[in-house]
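**Student:** Chain by chain, the residues:
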Amino acid sequence: MSLEKSDIDKIAWLARISISEEDTPNYLHDVSNILELVEKMNNVDTDNIEPLAHPLEITARLRDDKVTETDQRKHFQEIAPAVDNGHYLVPKVIE
Amino acid sequence: MYKKTIKQLSSALQNKDFSSEELVSSYLQRCDSHNSNLNCFISLMPETAIAQARSADKKIQNGEAGPLTGIPLAHKDIFCTNGTKTSCGSSMLDNFIAPYDATVVTRLNEAGMVTLGKTNMDEFAMGSTNETSFYGAVKNPWDTARVPGGSSGGSAAAVAAKLAPVATGTDTGGSIRQPASLCGITGLKPTYGRVSRYGMIAYASSLDQGGPITQTAEDAAIMLNAMAGFDERDSTSAEQAVEDYTKDLNESLDGLKIGLPKQYFDGQLDASIESVIQAGVKQLEKLGANVKEIELPNSELSIPAYYVIASAECSSNLARFDGVRFGHRCDDPEDLTDLYLRSRAEGFGKEVKRRIITGTYVLSAGYYDAYYLKAQKLRRMIRDDFRSALEDVDVIIGPTAPQTAFKLNEFIDDPISMYLSDIYTVSVNLAGLPAISVPAGFANELPVGMQIIGNYFAESRLLNIAHQFQQATDWHQQSPVGFD
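Taken in order, these protein sequences are the chains called D and V.
Taking my numbering, the leading residue of the first sequence gets 74, the next gets one more, and so forth.
Taking my numbering, the leading residue of the second sequence gets 86, the next gets one more, and so forth.
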């Protein structure tokens, strides 16, 4: 399966990472090579095999419906790039 | 005093041969004089270390000391440490002061250990050479023109150079065992879920596992006693009770059944590595073990399955780095989309972006079944291979890595070759099994590690075998010139 430049543009957009025009050929080359490496998987018959998402096949635990987190907003806001009055600031999204 | 194992340091502290403050100061001095050369540490924490040492000394004075009280250690910079920079080797988190402690950090603090600093690592633990770090490559103390391995390269090099008696690491596809092998020390990856992942920055959540990087198997057992255990803050933490991992160290190996996978010794393995491993196995036979050949028929598929699953999980986990609540934000974003696109482009390095792009692709509409689901099916086959092999034998032994330490820059533009070097380690993460790498000899004057893989939660057995091997050999006592 060989990738096109437009595939890299599309995936980079999905991943929300901007890739410059000059870097795109490098990603195209590297990701194509990685996909070629993993193509080997297709030689294996897995028709009757169930996918394994987790090595120990554990099920999610339930806990009591109680608040266990403490309020650390001040602490967390100290390391944020831009805050105001307890809010996290981003560029305007609604005109 | 820096030549001692943590077992020996503990006795010396209890006997008041020296204080924890003296011990910690001496390590901080060694870190100061060697770090500019080796680049093991991203942050050194002299002030908090001395304060922790003083409080440990009080506990020792009052007779309240445990086996780890007053012993210095280094944490891989993937573990959150409250109030200290936790960068994960990335420019994305260069300004990130962790607002809480990882459970591993809390547990080791409670055990009275003293944190010397945070060690260098491949960016977000993605790499096998430590060269993907934003803070530059770590040098291997055995040959400073070579890499220490990765991703826990700073931790491994620090222990090998005796800048710390012990360190923490994490292992997603070999990141404890491979650098331990390349640096001539001991590294244990416990069973998936044995050590809490809370506060350990996620790379691939179904594979990530923390563990100790030590001078000896005995030290690894002492460390695991403090690190292991159920944690309700980690949704995949194992609820299995913790044992005393030192209790079986001195058991005899008489009757131990060792399996050697045919696929690991298939003629492609470098002869000098193979002869070291074969000699190690002979040594275990002398100690009473029986050896037979076994099959792990799907081993070769572990690299493709791993790189699909790990990339997919990484693309999802690293979506949180969006420049909004913490971490790097680009200057003057035009709008929210521009903020995401540029913050992530600037904050992540090349290898991390490669894996995010690959992971996004294999999870994207139309490709999910062909790549991600297919890889998960192979994951079951690989796990089942181990399961059936371990019905027949107690442990599986082979090399940890197919080569000794690479030269710096050897793989920098060749990710595929770097990925292929993970052949013996990634399958163990896919299966979730515990494994330990112990020094077993040298090839071309560089250390070679032997990997011992055990059944789920059989850490005590692995540590017993590794300890008995180290009682009969002195490979783990060899030191790189200039650091002895």
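Honestly, the hints are just simulated from the structure, not real lab data.
Computed from a prediction, not measured in an experiment: that's the story for all the values here.
We put the beta carbon where it would ideally sit given N, CA and C, even for glycine.
Hints are supplied without guarantee of correctness; some may be wrong.
[Claimed, not checked] Restricting the straight-line Cα-Cα distance to at most 30 Å, the calculated cross-link-like pairs of lysine-lysine (DSS-like) are: (1) V:Lys144 x D:Lys113; (2) D:Lys113 x V:Lys492; (3) V:Lys144 x V:Lys89; (4) V:Lys332 x V:Lys435; (5) V:Lys143 x D:Lys113; (6) D:Lys83 x V:Lys144; (7) V:Lys170 x D:Lys147; (8) V:Lys92 x D:Lys78; (9) V:Lys377 x V:Lys367.
[As the list claims (entries may be wrong)] FRET-style restraints, in silico, Cβ to Cβ: (10) V:Gly221 x D:Glu95: 21 to 27 Å; (11) V:Asp454 x D:His127: 14 to 20 Å; (12) D:Glu77 x V:Arg472: 46 to 52 Å; (13) D:Ser75 x V:Ala557: 31 to 37 Å; (14) V:Asp420 x D:Asp82: 27 to 33 Å; (15) D:Ala153 x V:Asp420: 16 to 22 Å; (16) V:Asp416 x D:Pro124: 40 to 46 Å; (17) D:Thr143 x V:Thr558: 45 to 51 Å; (18) D:Asp144 x V:Ala97: 51 to 57 Å; (19) D:Glu151 x V:Asn494: 52 to 58 Å; (20) V:Phe103 x D:Arg136: 19 to 25 Å.
**Student:** Now, for every hint given, state plainly whether the structure supports it.
**Tutor:** Results for each hint:
no.: 1; hint: V:Lys144 x D:Lys113; result: violated (58 Å)
no.: 2; hint: D:Lys113 x V:Lys492; result: holds (29 Å)
no.: 3; hint: V:Lys144 x V:Lys89; result: holds (21 Å)
no.: 4; hint: V:Lys332 x V:Lys435; result: violated (45 Å)
no.: 5; hint: V:Lys143 x D:Lys113; result: violated (60 Å)
no.: 6; hint: D:Lys83 x V:Lys144; result: violated (59 Å)
no.: 7; hint: V:Lys170 x D:Lys147; result: holds (18 Å)
no.: 8; hint: V:Lys92 x D:Lys78; result: violated (57 Å)
no.: 9; hint: V:Lys377 x V:Lys367; result: holds (12 Å)
no.: 10; hint: V:Gly221 x D:Glu95: 21 to 27 Å; result: holds (24 Å)
no.: 11; hint: V:Asp454 x D:His127: 14 to 20 Å; result: holds (19 Å)
no.: 12; hint: D:Glu77 x V:Arg472: 46 to 52 Å; result: violated (41 Å)
no.: 13; hint: D:Ser75 x V:Ala557: 31 to 37 Å; result: violated (53 Å)
no.: 14; hint: V:Asp420 x D:Asp82: 27 to 33 Å; result: violated (19 Å)
no.: 15; hint: D:Ala153 x V:Asp420: 16 to 22 Å; result: holds (19 Å)
no.: 16; hint: V:Asp416 x D:Pro124: 40 to 46 Å; result: holds (43 Å)
no.: 17; hint: D:Thr143 x V:Thr558: 45 to 51 Å; result: holds (50 Å)
no.: 18; hint: D:Asp144 x V:Ala97: 51 to 57 Å; result: violated (44 Å)
no.: 19; hint: D:Glu151 x V:Asn494: 52 to 58 Å; result: violated (39 Å)
no.: 20; hint: V:Phe103 x D:Arg136: 19 to 25 Å; result: violated (45 Å)
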